[in-house]
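Generate coordinates for the entire structure from the input sequences, incorporating the hints supplied.
Chains as they are written, first to last, in my numbering: chain H, 1 to 320; chain X, 1 to 295.
Honestly, the hints are just simulated from the structure, not real lab data.
This structure is a prediction, so every number in the text was calculated from the model and none was measured.
There may be inaccurate statements among the hints.
[Stated by the list, open to error] Label-pair distances were calculated between CB atoms; the ranges are: (1) X/F122 - H/Y281: 22 to 28 Å; (2) H/T277 - X/F122: 27 to 33 Å; (3) X/F166 - H/I299: 38 to 44 Å; (4) X/E182 - H/V173: 53 to 59 Å.
[What the hints assert, rightly or not] Partial list, computed: chain X residues near chain H (C-beta under 8 Å): (5) H100; (6) L106; (7) L112; (8) R188; (9) A189; (10) I232; (11) V238; (12) V239; (13) T273; (14) P287; (15) L290.
[What the hints assert, rightly or not] Output of the computed footprint for chain H on chain X, the stretches with three or more beta carbons under 8 Å from beta carbons of chain H: (16) 91 to 98; (17) 116 to 124; (18) 277 to 283.
Here a beta-carbon is modelled for each residue, glycine too, at the ideal position from N, C-alpha and C.
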Amino acid sequence: MELAAGTKTTDTVRSRGDLIAFLVMAGLLVVAPAFAYPVFLMKALCFALFACAFNLLIGYVGLLSFGHALFFGWASYVSAHAAKVWGFPPELAILSGAAAGAGLGAIVGALAIRRQGIYFAMITLALAQMMYFFAVQAPFTHGEDGIQAVPRGKLFGFIDLANQTNMYATVLVIFLGCFLLIYRIVNSPFGEVLKAIRENEPRAISLGYKTERYKLVAFVLSAAFAGMAGATKALVFQLASLTDVEWQMSGEVILMTLVGGLGTLFGPVAGAFFMVTLENYLTTIGQWVFVVQGAIFVICVLLFRRGIVGELARFLHIKL
Amino acid sequence: MFEVFGISSQALFGQLLIGLINGSFYALLSLGLAVIFGMLNIINFTHGAQYMLGAFAAYFLLQKAGLGYWWAIIIAPLIVGATGIIVERLFLQWLYKLDHLYGLLLTFGLALIFEGTFRNFFGSSGLAYTVPPALQGGQNLGFMFLPNYRAWVIVFSLAVCLTTWFVIERTKLGSYLRAATENPTLVRAFGINVPRMITLTYGFGVALAALAGVMAAPIYNVSPQMGSNLIIVVFAVVVIGGMGSIMGAIVTGFGLGLIEGLTKVFFPEASNTVIFIVMAIVLLIRPAGLFGRST
Chain H
1 MELAAGTKTT DTVRSRGDLI AFLVMAGLLV VAPAFAYPVF LMKALCFALF
51 ACAFNLLIGY VGLLSFGHAL FFGWASYVSA HAAKVWGFPP ELAILSGAAA
101 GAGLGAIVGA LAIRRQGIYF AMITLALAQM MYFFAVQAPF THGEDGIQAV
151 PRGKLFGFID LANQTNMYAT VLVIFLGCFL LIYRIVNSPF GEVLKAIREN
201 EPRAISLGYK TERYKLVAFV LSAAFAGMAG ATKALVFQLA SLTDVEWQMS
251 GEVILMTLVG GLGTLFGPVA GAFFMVTLEN YLTTIGQWVF VVQGAIFVIC
301 VLLFRRGIVG ELARFLHIKL
Chain X
1 MFEVFGISSQ ALFGQLLIGL INGSFYALLS LGLAVIFGML NIINFTHGAQ
51 YMLGAFAAYF LLQKAGLGYW WAIIIAPLIV GATGIIVERL FLQWLYKLDH
101 LYGLLLTFGL ALIFEGTFRN FFGSSGLAYT VPPALQGGQN LGFMFLPNYR
151 AWVIVFSLAV CLTTWFVIER TKLGSYLRAA TENPTLVRAF GINVPRMITL
201 TYGFGVALAA LAGVMAAPIY NVSPQMGSNL IIVVFAVVVI GGMGSIMGAI
251 VTGFGLGLIE GLTKVFFPEA SNTVIFIVMA IVLLIRPAGL FGRST
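Set out below in structure tokens:
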């Protein structure tokens with residue numbers, strides 16, 4: 001696979017570079033509400049986390065999941081239901097969404113990793129479609145209407161999330177926390193095994209690694225982070241609906257990651273902001289949005305496989 | 001009329017008939033996917049959109065050129081197959097040396113483009129396409145009423161499937177095709193133009209999808225989204241059958257259509273999901289698929 005291979009640098013230099021890039025990103029996001037509409041930023045951050053979760057699989061294990069909307073959408077249903085019907089506080093509602101993502105990830109992952117390559121993508125897509133039909137039929141999702149008017153509640157009992165600034169700060173903390181966690185996972189010994197599987201799975205097996213187990217754990221982690229993103233989005237928009245479980249959503253997260261740069265740390269974030277901004281401008285053109293998305297897919301695959309961050313990193317001769 | 005397990009024979013056989021019809025579309029589409037994957041190593045996500053293009057081509061031929069069903073069933077696959085050849089030359093040929101996933105992503109993008117364009121002009125509601133006069137009406141078989149057009153769809157698609165199987169497995173042309181699937185470099189060394197064969201194979205697979213679209217037009221409405229939900233089910237069919245065997249694709253397609261039809265009678269709530277459930281069970285029991293070689 002043609003992913004950013006990166007030149008071998010010493011670990012200290014690399015982690016210092018990563019730290020600087022992370023601080024720049026965090027700084028930009030802290031001051032961003034002064035320049036942009038907070039709801040737009042929160043939407044972009046939720047999708048950025050979703051794309052980072054997806055990238056954990058495609059970029060570091062080489063597994064293309066075509067069904068990640070399943071975890072994103074069902075987690076948003078679970079957290080919306082928990083907050084609205086069960087009266088959970090927001091922190092528990094979001095965590096139960098992430099737990100739902102992880103649980104579904106364990107089931108789907110266990111089935112999908114039984115086949116390799118292109119079949120893996122088709123299986124995840126098919127299982128996601130199955131769960132979409134469940135979401136259409138199940139009474140608690142309220143079908144076409146979705147779960148509306150989800151209360152944001154008070155975080156830890158005293159931070160009122162109805163306040164837009166508090167909500168933005170919460171989303172930002174969740175995003176940055178998960179981003180650091182993903183960074184830690186990718187750069188751990190566990191992450192090194194994942195990259196070995198991406199590069200050459202038979203070789204990893206011959207070295208004695210139980211690759212199926214590593215792939216499953218990576219899948220569950222990715223699904224949990226995707227669930228975290230979906231659960232947070234449900235609270236931000238106070239809505240959980242069918243759009244988040246549809247196959248188009250799985251396609252969208254792939255596109256975000258591809259545009260930003262597969263297998264780069266910051267690529268999914270850049271890609272998510274790019275696509276959310278673009279769709280913001282394209283809301284007036286109706287169905288042409290799909291055509292534009294399709295065209296971006298085609299252009300990225302044919303001419304721009306490293307993505308925004310990948311090309312930038314190549315231009316600057318650094319690893320991002 | 002009689003009853004089976006408390007269900008009238010009309011309802012039971014009626015659903016089984018619909019199951020067989022769906023099954024014939026599954027078979028035609030998964031056959032095309034398997035042939036394309038064999039030669040190009042690409043999972044053609046655009047297949048659903050090309051099925052939709054076939055139906056729209058039939059619709060336009062009737063509305064704009066006054067050419068009826070029998071013309072459409074010949075011309076529409078040729079037109080859509082030709083667009084497939086253009087797609088292969090313009091886009092797909094650059095991907096053969098890359099990872100599989102890029103082919104999937106590119107064809108997914110093309111599917112979005114085709115579907116989005118048609119949705120923009122024709123909305124989400126379907127356009128009606130009438131059954132050709134020669135096939136209107138039906139037969140009363142005693143236990144059920146069999147509309148002529150539906151019988152024709154099943155017989156004709158079965159014939160197309162079996163012809164394709166015969167050509168690939170039993171003729172000289174098919175042996176070139178199979179050899180090029182196994183080892184393209186060696187086949188090229190024998191002086192056979194493999195790149196052209198790849199292009200034509202893609203055109204043929206796409207034409208099969210378009211043919212299915214023409215046959216579907218009088219049964220379902222012609223609508224921009226008719227392909228996108230179908231292709232996901234066909235992917236599940238391909239996972240169940242495995243893409244190694246042509247006959248496997250045909251048998252799996254028809255078989256799953258029947259299972260879906262039966263589910264509609266006995267447990268209608270699960271009729272949308274039954275194929276995915278079968279897929280999950282097959283993955284647990286026979287991970288390589290029913291007819292697949294282990295990958």
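Going through the hints against the structure:
no.	hint	result
1	X/F122 - H/Y281: 22 to 28 Å	25 Å, holds
2	H/T277 - X/F122: 27 to 33 Å	29 Å, holds
3	X/F166 - H/I299: 38 to 44 Å	41 Å, holds
4	X/E182 - H/V173: 53 to 59 Å	55 Å, holds
5	H100	5 Å, holds
6	L106	4 Å, holds
7	L112	3 Å, holds
8	R188	24 Å, violated
9	A189	27 Å, violated
10	I232	5 Å, holds
11	V238	7 Å, holds
12	V239	5 Å, holds
13	T273	5 Å, holds
14	P287	4 Å, holds
15	L290	13 Å, violated
16	91 to 98	holds (count 4)
17	116 to 124	holds (count 4)
18	277 to 283	holds (count 4)
The earlier numbered hints that this structure contradicts are 8, 9, 15.
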